[in-house]
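S.K.: Letter by letter, the chains look like this.
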Amino acid sequence: MRQLLLAVVSMSIFTLNLFGVDATLKIEKDVEQRARIALMDGSTEQSSQVFDILLSDLKISGHFLPDSTHHIGDLSSNYIIPALKSQEYVIKYTMDQRSGAKLLVRLLKASDGTQIFKKSYAISSKEKMPFLIHKAISDINNILQYPSISWINRYVAYAVYTTPGRSEIRLADYTFNYKKTIIKGGLNLFPKWADRAQRNIYYTSYKGTLPTLYKLNIYNGTKTKIASSEGMLVCSDVNNDGSKLLLTMAPEGQADIYELDLASKSKQRVTNFKGIDVNGRYVDDESRIVFVSNRLGYANVFKKSIEGGATSQVVYHGRNNNACDAHGDKIVYSSRESSNAFGDNTFNLYLTSTGSSDTRPITTTGSNQFPRFSTDGSVILFLKQSGHSSSIGYTNLTSHQSLLFPFNDRKVQSIDW
Amino acid sequence: MTHKLLLTTSLISLLLIGCAQPAPDLAGKNNISDANHIEGDTVSIDENSYGTGSTGNYNSSSDGFKSIYFGFADYSISPDMENNMNHNIEVANTAASKIKIEGNCDEFGTDEYNYALGLKRAKAVKDSIAAQGIDPSRMVMVSFGESNAVCTEPSESCYERNRRVDIRLMK
Numbered sequence: 001m002r003q004l005l006l007a008v009v010s011m012s013i014f015t016l017n018l019f020g021v022d023a024t025l026k027i028e029k030d031v032e033q034r035a036r037i038a039l040m041d042g043s044t045e046q047s048s049q050v051f052d053i054l055l056s057d058l059k060i061s062g063h064f065l066p067d068s069t070h071h072i073g074d075l076s077s078n079y080i081i082p083a084l085k086s087q088e089y090v091i092k093y094t095m096d097q098r099s100g101a102k103l104l105v106r107l108l109k110a111s112d113g114t115q116i117f118k119k120s121y122a123i124s125s126k127e128k129m130p131f132l133i134h135k136a137i138s139d140i141n142n143i144l145q146y147p148s149i150s151w152i153n154r155y156v157a158y159a160v161y162t163t164p165g166r167s168e169i170r171l172a173d174y175t176f177n178y179k180k181t182i183i184k185g186g187l188n189l190f191p192k193w194a195d196r197a198q199r200n201i202y203y204t205s206y207k208g209t210l211p212t213l214y215k216l217n218i219y220n221g222t223k224t225k226i227a228s229s230e231g232m233l234v235c236s237d238v239n240n241d242g243s244k245l246l247l248t249m250a251p252e253g254q255a256d257i258y259e260l261d262l263a264s265k266s267k268q269r270v271t272n273f274k275g276i277d278v279n280g281r282y283v284d285d286e287s288r289i290v291f292v293s294n295r296l297g298y299a300n301v302f303k304k305s306i307e308g309g310a311t312s313q314v315v316y317h318g319r320n321n322n323a324c325d326a327h328g329d330k331i332v333y334s335s336r337e338s339s340n341a342f343g344d345n346t347f348n349l350y351l352t353s354t355g356s357s358d359t360r361p362i363t364t365t366g367s368n369q370f371p372r373f374s375t376d377g378s379v380i381l382f383l384k385q386s387g388h389s390s391s392i393g394y395t396n397l398t399s400h401q402s403l404l405f406p407f408n409d410r411k412v413q414s415i416d417w
Numbered sequence: 001m002t003h004k005l006l007l008t009t010s011l012i013s014l015l016l017i018g019c020a021q022p023a024p025d026l027a028g029k030n031n032i033s034d035a036n037h038i039e040g041d042t043v044s045i046d047e048n049s050y051g052t053g054s055t056g057n058y059n060s061s062s063d064g065f066k067s068i069y070f071g072f073a074d075y076s077i078s079p080d081m082e083n084n085m086n087h088n089i090e091v092a093n094t095a096a097s098k099i100k101i102e103g104n105c106d107e108f109g110t111d112e113y114n115y116a117l118g119l120k121r122a123k124a125v126k127d128s129i130a131a132q133g134i135d136p137s138r139m140v141m142v143s144f145g146e147s148n149a150v151c152t153e154p155s156e157s158c159y160e161r162n163r164r165v166d167i168r169l170m171k
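First to last, the sequence lines map onto chains C and B. My numbering puts the first residue of the first sequence at 1, with every later residue one more than the last. My numbering puts the first residue of the second sequence at 1, with every later residue one more than the last.
These are calculated hints, taken from the structure and not from any lab test. Keep in mind that the hints are not guaranteed to be accurate.
Stated by the list, open to error - Short derived list, chain B residues pointing at chain C, Cβ under 8 Å:
no., residue
1, Thr42
2, Ile45
3, Glu47
4, Asn48
5, Ile77
6, Ser78
7, Asp80
8, Met85
9, Ile89
10, Tyr113
11, Tyr115
12, Ala116
13, Ile134
14, Arg138
15, Ala149
To be verified - Straight-line distance between alpha carbons at most 30 Å, and here's what the computed DSSO-like set of lysine-lysine pairs gives:
no., chain 1, residue 1, chain 2, residue 2
16, C, Lys274, C, Lys126
17, B, Lys100, C, Lys225
18, B, Lys66, C, Lys223
19, C, Lys207, B, Lys98
20, C, Lys126, C, Lys223
21, B, Lys98, C, Lys267
22, C, Lys207, C, Lys411
23, B, Lys100, C, Lys267
What the hints assert, rightly or not - Just so you have them, the derived chain B footprint on chain C, three or more residues with Cβ under 8 Å:
no., region
24, 256 to 264
25, 359 to 369
Quantities reported herein were computed from a predicted structural model and do not represent experimental measurements. All C-beta atoms, glycine included, are put in the ideal place defined by N, C-alpha and C.
Just chain B, same shape as in the assembly (with noise of 0.2 Å):
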């Protein structure tokens, strides 16, 4: 067994000195052939335009609108949410542009499911006032997740007001 073995390492190791690369010259210089992708410089992009200044105009409703909150992992509107709900239909009908709907989660979430999630509540938000007679087609839903925090504070209270509806129009 251990002849075997040591004859085996022998004839490894002599592979190896038998295929070792020709030494390259120590002094040469970008001898990286085959990374040329890490040698290449790579893009800086701004995109500064959206959002700018008032990050506040993205993280609550607006135009008369009220946000309707929500259970941890749940999408269905709550009895306590149907004065904001009334409100908001009754904002809906006069409303002279499209509305967007903004589903937003708290952190409580991971990648895709969380986007998943804030777009359900936006789904039951829309449903509602559209139950209501408002024409589905001028409303527009997007789910921003956990991307929009209203605050950052590791306590139930602050997670409550990330999980939320969020209702403007569009400009």
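Excised from the complex, chain C in its bound form (with noise of 0.2 Å):
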């Protein structure tokens, strides 16, 4: 039986190699938690893309352990190969993507093929396949009662440089399969989602002699704006039920951190420090902020009460901690570990918290920014460069599983899920 364990787990670990990167390693609890599934295509046309993005799907939930082979079978069957008889799930699944995209997917067990779970998906815009997959696995993940992935079927917004002076802002689901340009022409930065249901973002637009934040309806384009500040204007977090902001401005040439109620239109100064203050995030019960100073003479993460007091430091690692971002008590933020200034540019992850000051790794190799919580702070993602390549990665925090994605836009700006 040790035996056994040992062989499953050294199989796991080389799994991980193949498709992770910086994955750390508690690989035999995992191992004992997550369920065997394959994936089985009936499609009358197999798509490798359809197949790679369900089992990113499956390995990036931290519930499953994906057989990577794709498998080729009849969706109307119960019969289960033997091959597959070592699982404990098989998805069947076909994908229609003629007119629109359509799939249809079979949870069965097994051991014996009873069907747990079927259901069809469908959706006029054959781009967005991507998201249909999403659903079908994060309702799968229900249905075996997981904790919620919701987070894979969210939009990324994110905004990239395209000429000097021009940006473009662009939603894409988690995996970059789907990508559309939202905003397009002059220089609109800093997109936030405004609300959980991802109907509205903000976003910081250079149109004007002063930099304006505009909320934005991606559904129907009604544009409202919300303030404007000499210098620089950046909302950096909204709260949990979207009444509040944290904007990073400058009315008089000094970046602070303000909270801004939309109900009442007051702004409370939160910082004022005569170097750099921003990137203001809120933690714990919204009550405290976390942010980026170079209040010691370099960039490092800091904490503070909205309503006063005292500004501590959190981190006390690193000499260049320039951007963070919070969940609840959770805290990631990028370090800037190049020995020289112009050298390799390594930037690496790290995990910590407001109550403690333990401090993890999360990637070690590369260049890793643009840190961001999924909306249950269980995933974090991140940009990736290595040489000349570009990749959005993501570490389940809790499976320690990581997965890239290919990514070859122009130069990101920011980035939100």
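Could you fit the two chains together into a complex? Lean on the hints.
M.R.: Spelled out as structure tokens, the structure:
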């Protein structure tokens, strides 16, 4: 039994190394918790893209150990081939992309072919095919009563520079198989989701004399001016119910963090420092923030109460920690670790918390920036650059599984998930 | 232990089978009822009225002003920029309209921090000009972070050209 477990653990480590990046190892526990699952494709025209997205969804969920073989077989039959009897579940599916996209899935018990779930999904826009897959895997995850992975259904909003002085704001699914430009022309930066339903985004426009923050309904195009400021203006965070924003702005030429109450239109200055205070994020019960400041002479992460009081240092590691994100009491930050100013542009990500000085590395190689938590805080998105290639990376903090997806867009300015 | 595990597994399996969703008609259409936000069409907005055809106007000084260059991660005006600053103060003294001071950075920064660094550079130039008697209310600062690069080659000489403050008159 022990030998069998050891063999499974060894195989799992090998699988993680094949598909993961910077995976840290707590494998034994995960092997016992994750369900072995295989995919069987019954489509008339098999697609490796569809299979790869299904596989990615299962992997990044943290709840499954998917078989990476693209099995081909009939959708309607309950017969499970002997090779898959060692699995716990088999997902049989067909994808038809001749007119829009239509996905049929059946979840079967591998031991006896009992059907647990079946559903069809259809969408008129063929380009949105990845979202059908994410929804199906999210449903299967729920049927099996695992913690929700609804974050795989969300849009990623991001800004990329196209030429000097110009940028575009785009939407993508989390794998970046789906991409669409929603704002082009001019310089529009720092997209930030305004609500949990992802119907509106905030972004900063440089169309006028001063940077101006707008709220845009991405479905009907309704645009509302929120604020403008000399110098810079960024919506850094939105509280849980969407009623308050953390803004980095500089009405007197000094970048500080303010909290804007959208109902009363009142702004409260949260930081007041002659250097740089940026990147405010709500933490704990939203009565406090973490932010990036150079008040010690270099960029680092600090925290303070919104109502005032002392500022305290959060991170005691690194000499250039210039971006962070937070979820509850968890904080992820990027740390520049290059040995000289213009050598290898090495940034790594670290995880810490407001209540502890414990710090854990999330990445160990390349340039890893723009860390963003999933809505439940269980997964971190980041942009990884290694050599001349860029990827969007994900690390599941519970299962320690990591995934990378090729990213071919131009230089990223900002990301929100 | 093994019996307990088997019993638990059996119970969970029974529960799963018991909780299985009624099988929908596989021929049904558009039944992703709880993902309507994905089904809807999102906007495509074109704001091309900004900067059309002359991006060069946005990554150098103009109207007689000279750009001020900075060291890595630094926002203090170095002594070798003194001549450029004196020249800019002379031009500012005779300027007929408001002056726009734009802070810029190299690519070695992320996200908001680089925009704040660009702003600190703009502020250093504004304060220096104001110290010579120019009314601060005649000057407006905007940080462009790393967005207005003059060049994109991975070389120190290129990075130096991007760490700058551009000055121009407001149109």
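S.K.: Does Glu47(B) pass the interface hint, meaning its C-beta sits closer than 8 Å to a C-beta of chain C?
M.R.: holds (4 Å)
S.K.: For the region 256 to 264 of chain C, do three or more residues have a beta carbon lying closer than 8 Å to a beta carbon of chain B?
M.R.: Violated, because only 0 residues of the region 256 to 264 of chain C bring their Cβ atoms closer than 8 Å to Cβ atoms of chain B.
S.K.: Report holds or violated for the interface hint on Ile89(B), using the least CB-CB distance to chain C and a cut-off of 8 Å.
M.R.: violated (18 Å)
S.K.: Holds or violated: is the Cβ of Ile77(B) closer than 8 Å to a Cβ in chain C?
M.R.: violated (15 Å)
S.K.: Does the structure keep Lys66(B) and Lys223(C) at a Cα separation of 30 Å or less?
M.R.: Roughly 37 Å separates the two Cα atoms, so the pair is violated.
S.K.: Holds or violated: are the alpha carbons of Lys274(C) and Lys126(C) at most 30 Å from each other?
M.R.: violated (51 Å)
S.K.: Just to be careful: measuring from the Cβ of Arg138(B) to every Cβ in chain C, is the smallest value less than 8 Å?
M.R.: Arg138(B) check fails; min Cβ-Cβ to chain C is 13 Å, beyond 8 Å.
S.K.: Need the status of pair Lys126(C), Lys223(C): alpha-carbon distance at most 30 Å?
M.R.: Holds, at roughly 28 Å.
S.K.: Verify the interface restraint on Thr42(B): the C-beta must sit less than 8 Å from at least one C-beta of chain C.
M.R.: holds (5 Å)
S.K.: Closer than 8 Å between Cβ atoms is the bar; does Ser78(B) clear it against chain C? Give me holds or violated.
M.R.: violated (16 Å)
S.K.: Grab the minimum C-beta distance from Tyr113(B) to chain C and call the hint holds if it beats 8 Å, violated otherwise.
M.R.: holds (4 Å)
S.K.: Would the hint on Ala149(B) stand, with a C-beta cut-off of 8 Å toward chain C?
M.R.: Holds - the Cβ of Ala149(B) comes within 8 Å of chain C, reaching about 5 Å at its closest.
Going through the hint list in order, the structure does not satisfy hints 5, 6, 7, 8, 9, 13, 14, 16, 18, 24 and 25.
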